[in-house]
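Protein sequences, first through last, are from chains Y and B. Residues 175 to 287 in the working numbering are what the first sequence lists, from first letter to last. Residues 102 to 217 in the working numbering are what the second sequence lists, from first letter to last.
I should point out that these hints are in silico values taken from the structure, not numbers from a laboratory. Mixed in with the good hints, there may be bad ones.
[Stated by the list, open to error] Going by beta-carbon spacing under 10 angstroms, a handful of chain B positions derived as facing chain Y:
#1 Q107
#2 Q138
#3 G143
#4 A193
#5 P210
#6 L214
[Said to hold, decoys possible] With the Cβ distance kept under 7 angstroms, some of the chain B side facing chain Y (calculated, not the full set):
#7 G117
#8 M120
#9 L146
#10 Y165
Even glycine gets a Cβ: it sits at the ideal position worked out from N, Cα and C.
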Amino acid sequence: TQLLEQSPQFLSIQEGENLTVYCNSSSVFSSLQWYRQEPGEGPVLLVTVVTGGEVKKLKRLTFQFGDARKDSSLHITAAQPGDTGLYLCAGAYGGTSYGKLTFGQGTILTVHP
Amino acid sequence: NAGVTQTPKFQVLKTGQSMTLQCAQDMNHEYMSWYRQDPGMGLRLIHYSVGAGITDQGEVPNGYNVSRSTTEDFPLRLLSAAPSQTSVYFCASSSPDFAGRVNEQFFGPGTRLTVL
Chain Y
175 TQLLEQSPQF
185 LSIQEGENLT
195 VYCNSSSVFS
205 SLQWYRQEPG
215 EGPVLLVTVV
225 TGGEVKKLKR
235 LTFQFGDARK
245 DSSLHITAAQ
255 PGDTGLYLCA
265 GAYGGTSYGK
275 LTFGQGTILT
285 VHP
Chain B
102 NAGVTQTPKF
112 QVLKTGQSMT
122 LQCAQDMNHE
132 YMSWYRQDPG
142 MGLRLIHYSV
152 GAGITDQGEV
162 PNGYNVSRST
172 TEDFPLRLLS
182 AAPSQTSVYF
192 CASSSPDFAG
202 RVNEQFFGPG
212 TRLTVL
């Protein structure tokens, strides 16, 4: 069973601050996804990264995939209260693991006005 | 398109009762999965399917059964409910990318289950 460690588990910051969430594994991902979940709803995909070293930007969110494809990070610049939510990373592994994702424990982000 | 639908939205069971959580998708996706979400533990995979007639166990399969007779439906059965199965259950569907990996997963709204 592949393990996917996500940190920190909780983040409470003021509006305008920057933050980074990390996702790490001892195994190589074939691809990695980041999701955001609002209370009472299912997760919604933010981005998928596939290539080692890849960087993707989504407005104030920057996603990076490690060169060895074992880690990823989500950086939010100038956080806003609307960014509040649960952020989840999810890794797809190759070989016989096709068809399934392994999720990290999640990061609960609270941005105070 | 309705996307992924789940019923019921809420359910309370007594220990030992059985029930089926329903999941349906209208996007013609090959892959479907069931997850449970507990505080501080993210989403844990229970069972998944890569096509009609094909299912496999995930990380926490004990106490649950699945079948996939059609592309659209993927019900989850609790055989004999236990308090440890109190959780929020999410069904998800996706299509594989060119390499067979899981593409964007579309999640249903979830079923909140309490076992007394």
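Tested hints:
1. Q107: Result: holds, 9 angstroms to nearest chain Y Cβ.
2. Q138: holds (9 angstroms)
3. G143: holds (4 angstroms)
4. A193: With Cβ-Cβ at 7 angstroms, under 10 angstroms, it holds.
5. P210: At 6 angstroms from the nearest chain Y Cβ, P210 (chain B) passes the 10 angstroms test, so the hint holds.
6. L214: violated (15 angstroms)
7. G117: At 29 angstroms from the nearest chain Y Cβ, G117 (chain B) fails the 7 angstroms test, so the hint is violated.
8. M120: Given a least distance of 20 angstroms, the restraint on M120 (chain B) is violated.
9. L146: Status holds, d = 6 angstroms.
10. Y165: violated (15 angstroms)
In summary, the numbered hints that this structure violates are 6, 7, 8, 10.
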